[in-house]
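Below are the chains, spelled out letter by letter.
There are 2 protein chains.
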Amino acid sequence: MTKHVYTFGAGSAEGKADMKNLLGGKGANLAEMNLIGVPVPAGFTITTEVCTAYNKLGQDAVIEMLKAEVEKAVTDTEVAMNAKFGTKGEAFPLMLSVRSGARVSMPGMMNTVLNLGMNDDAVKILAEKSGNEQFAYDSYRRFIQMYGNVVMGVEAEEGEYDPFEEVMDRIKEENGYKIDAEITAENLKAIVEEFKAIVKDKAGREFPTNPWDQLWGSVCAVFDSWNTPRAILYRQKEQISEEWGTAVNVQAMVYGNMGDNSGTGVCFSRDAATGEDQFNGEYLINAQGEDVVAGVRTPQEITLIGSRRWAERNGTSEDNRKAKFPSLEEAMPKVYKELDEIQQKLEDHYKDMQDMEFTIQDGKLWMLQTRNGKRTGAAMVKMAVDMLDEGMIDEKTALMRQEPNKLDELLHPVFDLAAIAKATVLSKGLPASPGAATGVCAFTAARAVELAEAGNKVILVRRETSPEDLAGMYAAEGILTERGGMTSHAAVVARGMGKCCVSSAAGITVSMTSLKIAGKEYGEGDFISLNGTTGEVYEGKVDTITATLDGDFGKVMQWAENNTRMYVRTNADSPADAETAREFGAKGIGLCRTEHMFFEGDRIWKMREMILAEDTAGRKEALKKLLPIQREDFYGILKAMDGFGVTIRLLDPPLHEFTPNDLDSQKEMAEKLGVPLAEVTEKVEALHEFNPMLGHRGCRLGNTYPEITETQARAIIEATCDLKKEGFDPKPEIMVPLIGTVQEFKLQEEIIRSVAADVMAEKGIEVDYMVGTMIEIPRAALTANEVAKHAEFFSFGTNDLTQMTFGYSRDDAAKFLPIYIEKGILKQDPFLALDQVGVGELVKFAVDRGRSSRPDIKLGICGEHGGEPSSVEFCHRTGLDYVSCSPFRVPIARVAAAQANIR
Amino acid sequence: MTKHVYTFGAGSAEGKADMKNLLGGKGANLAEMNLIGVPVPAGFTITTEVCTAYNKLGQDAVIEMLKAEVEKAVTDTEVAMNAKFGTKGEAFPLMLSVRSGARVSMPGMMNTVLNLGMNDDAVKILAEKSGNEQFAYDSYRRFIQMYGNVVMGVEAEEGEYDPFEEVMDRIKEENGYKIDAEITAENLKAIVEEFKAIVKDKAGREFPTNPWDQLWGSVCAVFDSWNTPRAILYRQKEQISEEWGTAVNVQAMVYGNMGDNSGTGVCFSRDAATGEDQFNGEYLINAQGEDVVAGVRTPQEITLIGSRRWAERNGTSEDNRKAKFPSLEEAMPKVYKELDEIQQKLEDHYKDMQDMEFTIQDGKLWMLQTRNGKRTGAAMVKMAVDMLDEGMIDEKTALMRQEPNKLDELLHPVFDLAAIAKATVLSKGLPASPGAATGVCAFTAARAVELAEAGNKVILVRRETSPEDLAGMYAAEGILTERGGMTSHAAVVARGMGKCCVSSAAGITVSMTSLKIAGKEYGEGDFISLNGTTGEVYEGKVDTITATLDGDFGKVMQWAENNTRMYVRTNADSPADAETAREFGAKGIGLCRTEHMFFEGDRIWKMREMILAEDTAGRKEALKKLLPIQREDFYGILKAMDGFGVTIRLLDPPLHEFTPNDLDSQKEMAEKLGVPLAEVTEKVEALHEFNPMLGHRGCRLGNTYPEITETQARAIIEATCDLKKEGFDPKPEIMVPLIGTVQEFKLQEEIIRSVAADVMAEKGIEVDYMVGTMIEIPRAALTANEVAKHAEFFSFGTNDLTQMTFGYSRDDAAKFLPIYIEKGILKQDPFLALDQVGVGELVKFAVDRGRSSRPDIKLGICGEHGGEPSSVEFCHRTGLDYVSCSPFRVPIARVAAAQANIR
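Sequence lines, in order, name chains A and B.
The numbering of the first sequence is my numbering, which starts it at 1 and goes up by one.
The numbering of the second sequence is my numbering, which starts it at 1 and goes up by one.
No wet-lab data here; the hints were simulated from the structure.
Don't take every hint at face value.
One copy or two, it doesn't matter: identical chains are merged, so the pair holds either way.
To be verified - As a list, the in silico DSSO-like pairs of lysine-lysine whose alpha-carbon atoms are at most 30 Å apart:
| # | residue 1 | residue 2 |
| --- | --- | --- |
| 1 | 672 | 620 |
| 2 | 789 | 844 |
| 3 | 844 | 746 |
| 4 | 639 | 724 |
| 5 | 3 | 20 |
| 6 | 858 | 606 |
| 7 | 844 | 858 |
| 8 | 789 | 815 |
| 9 | 625 | 606 |
| 10 | 827 | 844 |
| 11 | 667 | 815 |
| 12 | 763 | 624 |
Model the full assembly from the supplied sequences, consistent with the hints where possible.
So this is what it looks like as structure tokens:
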């Protein structure tokens, strides 16, 4: 006969940790804790298989099936807890909790019933045994409310308040109480009667007083909750199978509010903030778990050392501390000793920092829960390094413990905790680039530069940024924009610079002179602060703490190095960025955008001269002036990445990005270039596009104006020849952007190879270089077998590939993407995490087809996804050679790549 | 031993028609004509295999290989023609032509040498035998010029004139001649000497006087021309294999300019303009083929009946006609009789109308060429019907003879031939919608309506059109725009209306009051004329002839009906369009765009009210006013297509398409809707998008504003219920546009089905309807298996699918598409003919995946490609159920679909 019920308690259990599929996560863990000798309130788990049977056979059949096993399990629980279920003579009443517990956690999705077993008899015994009538009746009224709601379906009708809460409010009003704790035992007795009447009225039947009826009702309610619409929706979103079902955990209740010999608390086996190997936590005497959370009373430290540190921080004298806020170590030394041994045992057992909940009932310690504790990025690194040193875990485990995104916390400034606690949040936007920044507002790039030069820390505040704002962005500590998504210009560039950025901040209005936000107006020179990791915008100046990397971080990077197959490159447009990334372990540049170079200083004027040229000859003339500048840029970058490949993308953006939009700037342009204004305005108008994203850009420029490609190819190969002559080892990989047909690539490749041959002949030296292409147009992916016959490498430009595959403009999608995510149409923003189902399908397709034509083709990704862990894992699985991301994402990508390899 | 040379002449031949791969098209045809007893100048064909050998082995080896066979073939030719190659005694000199001839025609791509065999001796004999010294020396100088250029590589150097033409010009100038014919024999003798000197100077060797050297030089030149860059490019574009090679045809020259017993002409076995079964053609006595083309002399009619008709048209008296312009039938009755018999024999043999060239040399008729003749659309239809009636061909052959696009000529007005011959072309644009139109210029939609109401024929001239111009487009005869491609608003709407449209006309500038073109300015009321089939714009009024369909057209449609698997639907937004299309044989509507309905009359104001609404309640209020209007529209369209499926697409365009852009119209909007102007301008600004094509539109509207979908679904189902109650058989297919994820579809489907259930309950009647989706986003195609689990039909929106797959904005692509086509990067505009390699791959993918989830899923296409023959064939092969196109393309699509099925 199949076993449906697994008991646990008093140091033994029928289940164990590896039975999660059958017992659910919680059930397996409760069994495991018993097995290793941790005191856990006894109880039993009804298996997930029963849930499946319940959905097929229905309630009655399942109760029949379970009856004997459950009755036996309740008896075992009674024995273990020395209590009696239902009122049996004078024994202490056994109260039960009934909770769901699926294979994976589905927080808040399913039903829970507490204090089960309560009735008019039991409440009296509990009041007597606990010596606390108010506690007993409050437990009773809570039980009716919860059971009435969860099992009997009593809830607020449309347009009305919750009927139970209405009674509570009325009683408080009538008696002038402010908080629930003031409600007396007498009040509660009356409330219990009213609650029973409400249940009868709304549910049409009496509230069940028989504990067994209560138990079966609760068990079935948990099974029913597996199929509520919100649970189904949650499973769809999280891809949890319908078939898995939930287990039901029935467990004895214990109470920390049964007098001064009782208490409750939470504790951690190591310091979750710093990672220090120091047991710590908080507790309250004579309290329930929710009291610790509610914050009405100040919780006390568990350890003496923690308590003393707390007193020091709060300026409390040792005497006062000892009298009013003694540590558990002092107040209940025996219990403390047991707890300390248990925490060590649990950490040793689970081989990770534990976050535990406990209750002391009448001097007896019960552990309610243990789980791996959450931690800061710094703690995550330190704990893993320490545990590896201690021999608790091996290198692979230590590496797998790193949440890649959390490494960000180590790389960027963060707010001072004390300062941020007092700060006022003005708005919340998108966390476009991580870190914290504080400074004075500047509303133009030029003013940002001036204010910074005058010694101010500056926040650049713009409606949106464009390449013309680059100097201002460099000068600023952080960037705030009214518009734009996670892949807007501001966001992408800020991430590249490692600067904090908040974009699309809610309800803000930015002009050229002020920022209106939350009903206030801030002008130039007013302080604001940004948290680019959360998207929060704060009023005034909030102190920040600069990031510092210690040796532990280096160890983590070494683990990644030891365990990876795929390597990591960086997206960098300047020698400085290249150097930063190289320090973080980047092995080459996956994307060097040549257009960014054109905005610096006077260069834009030469570019504009080229754009205004009327014919090929005119363009060639202007390009001649750009050639030495480009050569110098490439020289610097190739030198900074000496020995590693540098993928240089030929000119990509539409030409109108280089021309000014406002009349004043157009006048300036006309004056500077010595042409009539009309010529400038006509050119600007001629360059206008309805959908620039799908317009005249990428290799469409190189194929209509081959002289641009010629000039860029010449600059690259000249720089390469010069470096090789000087003894360096430059490895340029010339990338043709935005191809959709193999012909587009072939024509560009011909130009590049022909120019390269010329340059090498002129310079009298042979150099190696590759010519490849970006795969960012769906058609290029679909015809990758043809493209790969000519291209030596593919770099997946997943930003644009996502735009075209979804048909989303990343500049406009903010209008519907948040609603799509809210409605569950999308699980996440596809510009943040690569859409593996759709866009990923095209990537896989292109990888397969590309390799079919050229087995040794070099494959990488250079979209923003290259620094996002789930996308990095996808790239590993798909067999790419490398990912490329902004310099500050390199460590994250390295860890993600190594983890993918271990998985 | 492999045979390399195939002779023909004097009624026998070694090759035949089905040896095209070996002998090339021309060679096989020359052989075939001999075999059926047509007099063809004798000669021989060197096979295509020799070309391949030539490329591998080189010149010397191939000449060695061919030598014996060619010498024998020349001897055979001498015998057949009673002439001698080289000067052998007093015999008539045999002159030869050497021409290329590949498997498929590559017009103008490869080299030709005429009058080969000429030298100082031969020219004298020819002068004597022909009695025409001028002719003989002119032939000689032509030969030196052609051979010098083609074989010896003498050509103009950069920046200089052609050296031969320079001599000719100098001689004419010195002697005051105006045309070449005035140059005397004496002049020509001197010219020949000068030409020889030029060759020696430029080529560095003497002009070869030995006819055999000339022959081998010419044969090798033809083989060499297979690999010229332009021939290679042409083959790439036309997908002709490099391996096929070209044959070389060496054939005796015959001369029509050897006196009054000689002549030359072209003739047709039926009337190429009308299709009438009447032999016809033109000839000239004592002339070469090029004289007929040059137009210096007036060619005469071949038949007496033709000659009399000509005289009547030109007001020439019978006496004058007979004296000066006698028909060949009168002038050379014996030759005429032979020619008439031959034309009949050739038509019977090739079973199609023949276009023939002939030469009469000294009373002897020689046929130089025969091929299937080009014809007008009307003639194409009539000939096929007649030949089927005559039993010459069967129904399938008759159907395959229809060039689908040519049927257009029967459906639209065309210019009067006499009128157009005299008209001045002002510009050429894209042939955006076929037909001819003449009328006065109107520069706004409103003026177009007024002028039309006043009885004028109007041409609407706009920079570009928008939905606000619809009324003006309806009122106009034709539309001319400065901007926009083949799928611009103007083009798409005009094709739907069956109106002529020319878009992106070169070098024109349109304002609100005038049209500047070719240096002239035209104001309101000035006449212009448009040919939407060619893209030409004419000055002034050019008379048109209205299209009329006769019974023959109906027969062609019936053949299509008998032979098709795939059926044809129409894209129609109004009952009138639906009726037109139904007359053309459309079986349902594949795309009914609901947004077009919102621009008519006062409706736009209700739409704008909806857009301005601040919340869901406000939008619902405004939508309530649109509901009855929409219901009425759907009622009309479903009724017009009673019994056939009608695919209704839910609202698709971004909302900003419904709001005005200029300040005046925004003021009007504010006034009309009673809101402050600021509210309107703010809304317009908020709706602005950087890339509207990839923005907030399609089901993204329905999913963010579900009330829009609710209203449209209600209108459709209410109309359906009403019609069913009246005894009609409405079949709505509700189409959700622009989905990229199955969730987007599911949420819309839920709304539609829920509303439908409500309406059916209210109306007390059950109706059938389908819910499906448009596949126009690459991601939808990639995940079609998921989508098909919920969608009952797919309609491929290949316009947008092409935009996203290529990353081309059809509004902007005009900036580079023409250059791409010119450079051979693209073979054709992918918005005109479906890109089968890339976009087609996605379509096939979606068809396979869709059917895997839902085997009976209904599949169609509703992009502009649905009316383009090669795309229709693709759809047939891919297994779609139907194609849908604008009403006037329905006949074309039906023929193309049937032809695809036969193929």
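Here's how the hints hold up against the structure:
Taking CA atoms no more than 30 Å apart as the test, residue 672 paired with residue 620 passes inside one copy only; the shortest distance there is 19 Å, against 55 Å between copies. For the identical chains of this complex, residue 789 and residue 844 are neighbours both inside a copy (17 Å) and across copies (24 Å), given an alpha-carbon limit of 30 Å. In this assembly of identical chains, the alpha carbons of residue 844 and residue 746 lie at most 30 Å apart whether taken from the same copy (23 Å) or from different copies (27 Å). In this homomeric assembly, residue 639 and residue 724 come within 30 Å of each other (Cα to Cα) only inside a single copy, at 10 Å, whereas the closest approach across copies is 77 Å.
Proximity of residue 3 to residue 20 under the C-alpha cut-off of 30 Å is restricted to the intra-copy arrangement: shortest distance 15 Å within a copy versus 82 Å between copies. Proximity of residue 858 and residue 606 under a CA criterion of 30 Å is satisfied in neither setting, with 35 Å inside one chain copy and 57 Å between copies. In this homomeric assembly, residue 844 and residue 858 come within 30 Å of each other (Cα to Cα) both inside a single copy, at 14 Å, and across copies, at 29 Å. Taking CA atoms no more than 30 Å apart as the test, residue 789 paired with residue 815 passes between copies only; the shortest distance there is 28 Å, against 41 Å inside one copy.
Taking the shortest alpha-carbon separations for residue 625 and residue 606, only the intra-copy value of 7 Å comes in at or below 30 Å, while the best inter-copy value is 57 Å. For the identical chains of this complex, residue 827 and residue 844 are neighbours both inside a copy (21 Å) and across copies (28 Å), given an alpha-carbon limit of 30 Å. Taking the shortest alpha-carbon separations for residue 667 and residue 815, only the inter-copy value of 26 Å comes in at or below 30 Å, while the best intra-copy value is 34 Å. Within a single copy, residue 763 and residue 624 get their C-alpha atoms as close as 18 Å, which meets the 30 Å cut-off; across copies the closest is 76 Å, which misses it.
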